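Asks: The primary structure of each chain is shown beneath.
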Amino acid sequence: MPTFVYMTRCDGCGQCVDICPSDIMHIDTTVRRAYNIEPNMCWECYSCVKACPHQAIDVRGYADFAPLGHSVRVKRDEEKGVIAWRIKFRNGEKDMDLLAPITTKPWGKHIPQLRDVPAPTQEQRDSQLLYNEPKYIRFDDGGLHTLESNGLKMIKGVEGY
Amino acid sequence: MAYKTIVEDNIDILVAGAGLGGTGAAFEARYWGQDKKIVIAEKANIDRSGAVAQGLYAINCYMGTRFGENNPEDHVRYARIDLMGMVREDLLFDMARHVDSAVHQFEEWGLPLMRNPKTGAYQREGRWQIMIHGESYKPIVAEAAKKAADKVFNRICVTHLLMDESKPNRVAGAVGFNVRTGNYHVFKSKTVIVGAGGASNIYKPRSVGEGAGRVWYAPWSSGSAYGLLIGAGAKMTQMENRIVLARFKDGYGPVGAYFLHLKTYTQNGMGEEYESKWFPALEEMVGKRYLDVEASHRTHRPIPTCLRNHAFISEVNAGRGPIHMVTMHSFQDPHLEEIGWHNFLGMTVGQAVLWAATDVNPKYENPELTTSEPYVMGSHATGCGAWCSGPEDISPPEYFWGYNRMTTVEGLFGAGDAVGGTPHAFSSGSFTEGRLAAKAACKYIDEGKAAGIRVSDEQINRRKAEVYKPMEHYRIYRNEITAGSVNPNYINPRQGLDRLQKLMDEYAGGVTVSYMTNEKLLNIGLKKMKVLEEDLEKVAAENIHELLRAWELKHRHLTAESVFHHTLFRKETRWPGYYYRGDHMKVDDENWHVLTVSRRDPQTGEYTMEKAPCYHLVDAKDDA
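Top to bottom, those sequences are chains E and X.
Each step along the first sequence adds one to the number in the working numbering, with nothing skipped, and position 32 is 32.
Each step along the second sequence adds one to the number in the working numbering, with nothing skipped, and position 77 is 77.
These are computed hints drawn from the structure, not numbers from a lab.
Some hints could be false.
Stated by the list, open to error - Pairwise CB distance ranges, derived in the manner of DEER restraints:
#1 E:Phe139 to X:Asp35: 25 to 33 Å
#2 X:Gly271 to E:Gln113: 55 to 63 Å
#3 E:Asp58 to X:Lys363: 42 to 50 Å
#4 E:Gln122 to X:Pro396: 45 to 53 Å
All values derive from a computational prediction rather than experimental measurement.
Ideal Cβ positions, reconstructed from N, Cα and C, are used throughout, including at glycine.
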């Protein structure tokens with residue numbers, strides 16, 4: 001199901017061009033508005049739909065199996081941390097509004113800057129541990145799993161398996 | 001071509017491709033290499049790139065050791081039985097013992113993980129999956145990567161790895177071009193972590209025309225995880241282990257939460273349970289080790305996914321399709337109905353659109369399922385990828401050459417789809433593999449292994465000419481014809497992709513032949529692949545966007561050729577339901593309880609195949 005752009009709503013800001021993972025949202029040089037240059041490489045991921053500040057981008061089901069007349073619209077709000085969906089069936093019998101959280105915290109505020117945390121010791125470097133481990137595995141004082149700690153040993157081939 | 005050459009020098013760690021694997025690598029690299037120069041080169045925009053671009057409704061790999069749920073060895077047993085014995089248990093165990101720490105960090109960063117109100121543990125949908133509101137999963141982890149990296153280059157299609165000229169078989173960076181400006185980018189780096197994606201669209205998809213983009217795995221996953229590594233001469237493993245998915249028909253909507261959490265089930269066109277009746281005959285084909293009908297019934301040991309596919313495919317071929325997912329019972333519960341829809345909206349919006357377009361309300365109608373075309377990937381429930389070193393405290397000598405997740409090319413590391421033999425890593429496992437690779441890459445540099453790297457201008461210029469050749473070819477031959485896309489001197493990338501897909505479908509076991517192939521077919525296919533390779537030298541790109549498609553196609557071609565060689569080498573049907581060797585229908589543990597390893601000579605293009613021992617580190621338990 002490929003995206004398309006409404007002529008009267010698009011102002012050619014290029015946010016869809018910036019975000020499209022498939023590089024298929026481009027700006028038409030004549031009308032200076034966005035359009036989908038390669039519908040058969042569109043994954044209907046809705047990245048552009050969510051990014052568009054004017055709700056100018058929509059999606060219609062792929063012509064080879066989806067009839068016309070339906071809609072799935074979305075509004076993603078980073079400040080409120082929610083995403084709202086509205087699904088309308090082709091026959092008009094089902095019309096759904098669904099809301100989901102997208103984050104529990106303000107954007108980026110809780111991601112540590114690892115350049116500034118205390119540097120790892122040589123002992124940590126020589127171990128199998130990663131950043132914040134082993135604490136973050138169990139949130140307790142348990143160590144990292146090893147073959148010995150878990151009573152395991154290597155067996156070659158099918159024997160013993 | 002008049003494109004500028006932009007050189008980024010003195011990089012310590014270059015992350016090529018920043019999906020979940022690459023973002024994990026960049027994040028962790030900053031901790032172990034606080035003074036190091038970390039650079040990301042990503043084909044799209046890292047805020048929405050990779051397979052998780054549109055979101056994910058579940059984290060499919062979480063041990064829950066904190067809640068006393070599973071230990072790493074339990075996950076090894078599970079992945080091993082699912083893959084009919086063929087996994088790298090050292091890598092799997094290693095990923096599993098670290099993965100929880102990644103998930104706990106995601107929650108701290110703001111990813112909404114659902115919790116079970118009774119136990120306080122994360123809400124499970126199955127033994128290994130936890131449920132999340134993951135629409136913004138990728139932007140959240142991208143934030144972590146952006147904070148860690150010195151520079152993020154979005155819109156760079158990495159085409160080749162650079163090789164060191166002072167020491168053979170050592171990496172020295174990468175080159176690519178900017179799909180917006182067209183500029184040629186050179187990244188001189190001591191190490192490279194390949195976090196690129198596996199391959200969708202190498203097999204003919206079920207949908208055609210406008211719908212060709214409606215595939216299960218992202219259409220921008222162009223096999224670069226393999227194309228880059230194979231091109232550099234890295235050894236690959238398990239490339240025959242491509243995957244076929246059972247999914248909702250046409251939309252490719254996920255079924256995991258439906259089966260596991262919503263408690264839906266399948267039936268044939270007559271409304272009958274069909275799966276179990278195929279298992280007795282299948283047990284003879286694969287052996288009791290992999291399918292013991294009685295034991296599975298008694299202990300709830302999972303049936304390998306490929307064998308469940310086999311029952312599905314066989315039932316449809318017997319004329320008793322379509323297979324339906326029975327949703328009508330579960331969907332009477334409004335809570336489960338809502339979860340069913342959220343499950344799509346959080347990761348496969350297209351399925352919701354399809355049901356809205358075709359008036360399929362799963363509350364009153366059981367939707368159809370189908371089996372997909374095959375995919376080549378190393379992080380979902382299948383283990384294609386590079387032959388990598390494991391960690392020093394676990395791996396036997398054949399699996400260990402000093403640096404965790406380092407390929408057989410020095411300084412070249414993998415994460416996610418790039419690492420072979422680690423199925424069932426999914427998103428959290430890929431992120432974890434990136435972290436492991438990053439720590440090892442820092443160690444590699446600190447131990448002086450990257451000293452004295454030399455890259456000549458000759459290599460850089462040679463690659464530049466190669467990168468832009470499709471545009472040059474177009475320019476030269478375009479005006480020999482009046483108009484249109486039919487030219488005797490070239491094919492365009494879409495035409496090349498169509499040919500590749502037809503070839504793979506017919507000779508390497510795609511949908512139209514019910515996933516069946518044999519030695520004769522594979523040999524014919526390989527011959528045609530060589531001719532296609534010649535034609536890919538003449539692929540023509542009209543603009544920079546087509547140049548991107550041309551290089552994606554070349555990476556897909558290398559991936560596909562590797563699949564051919566591996567499938568030809570393994571003379572058995574190890575994974576019935578993923579593919580069948582019609583000339584060797586049985587699982588043959590006596591000769592083939594081994595991992596397959598290949599290397600393509602970068603100079604000659606010749607393949608060398610070998611067997612590698614399959615080591616097991618945990619004993620079998622019925623309740624795997």
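Asks: State for each hint whether it applies.
Replies: Cross-check of the supplied hints:
{"no.": "1", "hint": "E:Phe139 to X:Asp35: 25 to 33 Å", "verdict": "30 Å, holds"}
{"no.": "2", "hint": "X:Gly271 to E:Gln113: 55 to 63 Å", "verdict": "58 Å, holds"}
{"no.": "3", "hint": "E:Asp58 to X:Lys363: 42 to 50 Å", "verdict": "26 Å, violated"}
{"no.": "4", "hint": "E:Gln122 to X:Pro396: 45 to 53 Å", "verdict": "27 Å, violated"}
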